[in-house]
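Number of protein chains: 2
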Amino acid sequence: MDQRKTVLQFQPFQSAIDVAFWTELGHYKLDKLRLSEDAVPIHGHYSASCQTDVPSILQLERSSLEETQASPSSMGTCEVAGTLYNLNTLDRFKTLDRSAALQAEAERIWQTIVTGEAERHSRLLNRFLLLTFAELKLFKFYYWFAFPALKPAVPFTASPAQSLTAAYGPEAASQLAAACDSWRAPESGPQETSADPFWLLVRTASNGMEARPLTAWTQARAEGEVCLAMADPCNLAANPGWPLRNMLLLAAKRWRCQQLRVVCVRELRGKADPTVSIVLDVELPPLPEGWCEGDQSPPAAMGWEPNAKGKLGPRMADLGPTMDPRRLAESAVDLNLRLMRWRAAPSLGTDRLADVKCLLLGAGTLGCAVARTLLGWGVRNISFVDNSTVAFSNPVRQSLYEFEDCLGGGKPKATAAAEALQRIFPSVNAQGVSLSIPMPGHPISPVELEKVAADTARLEQLVAEHDVVFLLMDTRESRWLPTLLAAAGGKLAINAALGFDSFLVMRHGTSASVPDVEPHPTPGPATTTRLGCYFCNDVVAPLDSTVDRTLDQQCTVARPGLAGIAGALAVELMTATLQHPAGAAAPPPAADPLAGNVEALPLGAVPHMVRGQLGGFAQMCLTGQAFSQCTACSGTVVREYRARGWEFLLEALQDPKKLEDLTGLTELHSSAAAMCDDFDESDEDGEGGAAAGPDRDGQDEWMSL
Amino acid sequence: MDQRKTVLQFQPFQSAIDVAFWTELGHYKLDKLRLSEDAVPIHGHYSASCQTDVPSILQLERSSLEETQASPSSMGTCEVAGTLYNLNTLDRFKTLDRSAALQAEAERIWQTIVTGEAERHSRLLNRFLLLTFAELKLFKFYYWFAFPALKPAVPFTASPAQSLTAAYGPEAASQLAAACDSWRAPESGPQETSADPFWLLVRTASNGMEARPLTAWTQARAEGEVCLAMADPCNLAANPGWPLRNMLLLAAKRWRCQQLRVVCVRELRGKADPTVSIVLDVELPPLPEGWCEGDQSPPAAMGWEPNAKGKLGPRMADLGPTMDPRRLAESAVDLNLRLMRWRAAPSLGTDRLADVKCLLLGAGTLGCAVARTLLGWGVRNISFVDNSTVAFSNPVRQSLYEFEDCLGGGKPKATAAAEALQRIFPSVNAQGVSLSIPMPGHPISPVELEKVAADTARLEQLVAEHDVVFLLMDTRESRWLPTLLAAAGGKLAINAALGFDSFLVMRHGTSASVPDVEPHPTPGPATTTRLGCYFCNDVVAPLDSTVDRTLDQQCTVARPGLAGIAGALAVELMTATLQHPAGAAAPPPAADPLAGNVEALPLGAVPHMVRGQLGGFAQMCLTGQAFSQCTACSGTVVREYRARGWEFLLEALQDPKKLEDLTGLTELHSSAAAMCDDFDESDEDGEGGAAAGPDRDGQDEWMSL
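Residue numbers (my numbering), protein chains in the order written: chain R, 1 to 705; chain B, 1 to 705.
Because the hints were derived from the structure by calculation, they are not lab data.
In this text, all values refer to a predicted model and were calculated from it rather than measured experimentally.
Honestly, I wouldn't trust all of these hints.
One copy or two, either will do: identical chains are not told apart, so a pair holds if it fits within one copy or between any two.
[Said to hold, decoys possible] Lysine-lysine pairs mimicking BS3-like chemistry, simulated, CA-CA at most 27 Å apart:
{"hint": "1", "residue 1": "411", "residue 2": "140"}
{"hint": "2", "residue 1": "411", "residue 2": "137"}
{"hint": "3", "residue 1": "657", "residue 2": "451"}
{"hint": "4", "residue 1": "309", "residue 2": "94"}
{"hint": "5", "residue 1": "94", "residue 2": "151"}
{"hint": "6", "residue 1": "140", "residue 2": "657"}
Using the sequences provided together with the hints, build the complete structure.
Structural data, given as structure tokens:
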């Protein structure tokens, strides 16, 4: 052996992390880890070096967090198992006891040496430790790798490296290289051992060299010349890569070997290259007697990766600048939603909300507030229906419009609202439809007939295309047709209406269960078990309330805070309903066996109606059953609509009294009037009956709250 | 007299309305008329014609709605009294009984003839009627004028008109013109009669012509030649202006005169011009005997002004396109506010709100919601303080930001929010200040000291410059300094804080009354009669809660509807407080003698705290008294701050325990700990006392709601 032995130095690993890994880690943190800081098994890989001037790289990629390690690995790729600690805060990241974490990894490696397991699976000699803190709000990832290497009591030394060719001569070197190749990529296909980075090379009877597993050491040593081969990630002419450190300790510990020839295999086009592969004759100082035996602590470990400045410190990957801003916005928006599931509402189904399609009828104060709250909940599909344009008084109360939208006569509200959503969140799927909702009792002139029919057909189509219909208009009667369409289509209808300082927010009972045929409804105010709709408290059909409205009745004369409150509550009512296992059929809290079960109902039980009063800062929940003679949602009306379609709608629009005839309300009125006659015969116009007087004051009836 | 007499035709008035009149009418409608359709006395004016090709114009201007008619009128100007009916709806405007309205005006004129009053004040012969419908949302004004003319039983006839010069010869004509001028604009200054459009011209003894009042008719007629003169708004060579009609009827009725020479005076540079003034010899058919006497109805009237197409119909003034869009937006925004006063809250003081200056500490979800609701209330002065930039997750929840604001690292929130307000409502006075609010317990390094001092000084200045301070931050301890500054400055502080699905909105009790010297505070949890602040429930000083916060604690993990609700309630709480006669010192509802008095409290009584829970859709109002040992608002702390300023603040910021020493809380803790020792001697670390354990979980204490 050469006398000029010097301390053997190993090229450390450098970590190389695919952006996809960070993305995946973000998801993993949000969806699986949440607040856990437990160790997560991950894996990376390295290859035998195949390029000059490229350091030893340990690579992590998207699949590194997947539980099933790719095995057998692709040719020439060595898998490395690792442990990830993702810390919850930067402070935790900074103050974690890193020595302890590293020592724990070293201990695992040491055990594989002591038990001999590493001889059977030499990949166990390589491990890595990864500490991370994911600053997901900013798409920044702080991280620190360690590649634990066990320190021998006295350093290994080696004579200067020679190339394989120089050491063996060209022919023998080629033969040796071929033996390595056939070991690592046998023609019979990858073997279990081929992902292991170390093997033996043994002189054969025919003076050739043959690869053998590490477990063959004792026998091969007895038979004759044997050396160690490694798939070497390093490409330096004088030094081996980092994995050799722990392997040499194994040789010293298990084999008690004091000299060892090591062939560091490097590749060219996937084959061992004898000209860059090197041969090292290593001197292994004998380990002290009893070193690290039994209860003793394992050897000290080292291996923290320096940062980009070459100093011992963490690195930071800032994905922000490299990401498509739209994608950045998308993940940022999802972030807050997923965070809710960490502590507050672990069973929250946020995906259900991203897919739901919401139709907003009305893009005024309520429509804007509802749309914004939907965005906050991650709802991606939002359609507006409105027939007006943005007026100068709108922007200060209708949160999707600006001064510019009012110029030149004002943009159509529906499209302006949709455009605003795109400006807020480019990934939203928003559309605006300028459309007048046909209203019962509003006279339809012959020239308008075609337009009303088209508007009705468009509205029917829109309701059919969406899952939830929000009724956010400013007149009572404009709510009739959408209420009927939602009832007939089994859609969830959420209704919000404002007074001066009071509001009503409610969900309509779902009519998905309305059978197409029903026995003759019992006359009289019988109720069903279904929850009511906006019209269920009425005993008159909706009429035109816009005729002769004064200015304050035409405008939104409401305390400005009201729309924000009612709009937000409407959306929260929707989300609570959708998160309920029974969905739109969710019973009211008093009748809900799941009420109070936080796991089943992450957003709580779902009231039927919420009424609020700003004057007293009061709010209460109410429940009302469906009215079997309701002009909007009763089985009678739904069936008539299903059977006769537009023909029926036109009749109802032109003469709302037809609805009263159909539902039996006319009869009810007659008997009510007759009753009044009995009591007060002088009241001849029949309007004395409380039930018979149409509510025509242009205010919603619940204003008397 | 000439034989070629033909039916005399009169040039009708044309209305000319200054834009300022419409603006004034808008204000009048909103502030005074509101829903009233009562007759409103107004006035217009016309002048003797001074230009060819200009029709007879009756002018209305800004002052036309003022009650005091300008009198005596400026030279050559004839005031005309009129009646305005401003209708509430277009429908009322269309369907009003116009004949009856016109006839009522005619009756008034007729009575002045019958009683002879019109002889004393001939201006009474001219009246006008104005029907309007002000579509204030669109800045459109529908209107229809009538200039009531009484119809004689048989039309008046006249020989062809001659110019004054032609009729009298140049010299006599000039003399006659001078007589008119000295009547209308006597050198002794305007007379009571000079605003009257008619007078007599009487031949004097010296063969000159002299002006006399109409009341001189009988005497003058007896004395000799007399003719009627009028300030004629018409410039036609053959016809007189409209005012002559009713005058001729007066002559026929009162004077029973059958022929009358009329001099229609027209002017040039303010003087009667004999060349364009004309002379008419009018034949007045005798009125039927007993015509319109006693109980009889007055003569039929006519005089509706045709529209621009020359047809009988209303006109419409569309001010929208002519107005500066910014001004349009301003009046539109005021519109909704003033409308509230029509029915809902007649005693609402909206001007108080326009002038109030609001400081919003925090421009996140709450800050945005608060600012938008303030805009809705017409608040014009809004300042934001925030130290962060717009992140990608913000726009969907923070309603003043858009995707664009997040690019390039994100705009500073405070300025981005202020810019957004300008885009929404250009007349707002909004500013953004990027500033970190110093927080107790957050360590201040020596290099930071200067910045913290500067930030504190800036915050002190901002609080001093504003009337209301909104506390809308996301940490507990950032509320301490603003709470103290508001307490020391006697400012109204409104506080809003969010949990996952609960919120707290409160007003701090005002400390304007904190005396500079107070007897030693009684130790122990004595309470004052003042309402509490956010810290009054605490027995520990605020500490750094941001150290080691996990991602969900750093982000706004709240149900998205929550900020909209809490932000709106915070502003409604502010407006209700400001509308209370006691302002910030308003007692809570239970202690408020005005509670329930709608006239005194248009927005209702003012709770101290509103707590809400989205899980149960519940909300309740609470009251809590100030804590005499509060670390933020107690007299002890306020006095210490007033006395020692920054020196004291720095101590408190660096070591919050100093606050506990100052307020006597330390002593309280010791006794609490001692008590615990008594009960559980094994608990030696003294943390067993419920009062002693600092609340460091990063959640606001009210989360346990």
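Structure-based check of all given hints:
{"no.": "1", "hint": "411 with 140", "verdict": "between (41 Å within a copy, 19 Å between copies)"}
{"no.": "2", "hint": "411 with 137", "verdict": "between (35 Å within a copy, 16 Å between copies)"}
{"no.": "3", "hint": "657 with 451", "verdict": "within (23 Å within a copy, 73 Å between copies)"}
{"no.": "4", "hint": "309 with 94", "verdict": "within (18 Å within a copy, 83 Å between copies)"}
{"no.": "5", "hint": "94 with 151", "verdict": "within (25 Å within a copy, 101 Å between copies)"}
{"no.": "6", "hint": "140 with 657", "verdict": "neither (65 Å within a copy, 36 Å between copies)"}
Figure legend: structure checked against the earlier numbered hints; the only hint not met is number 6.
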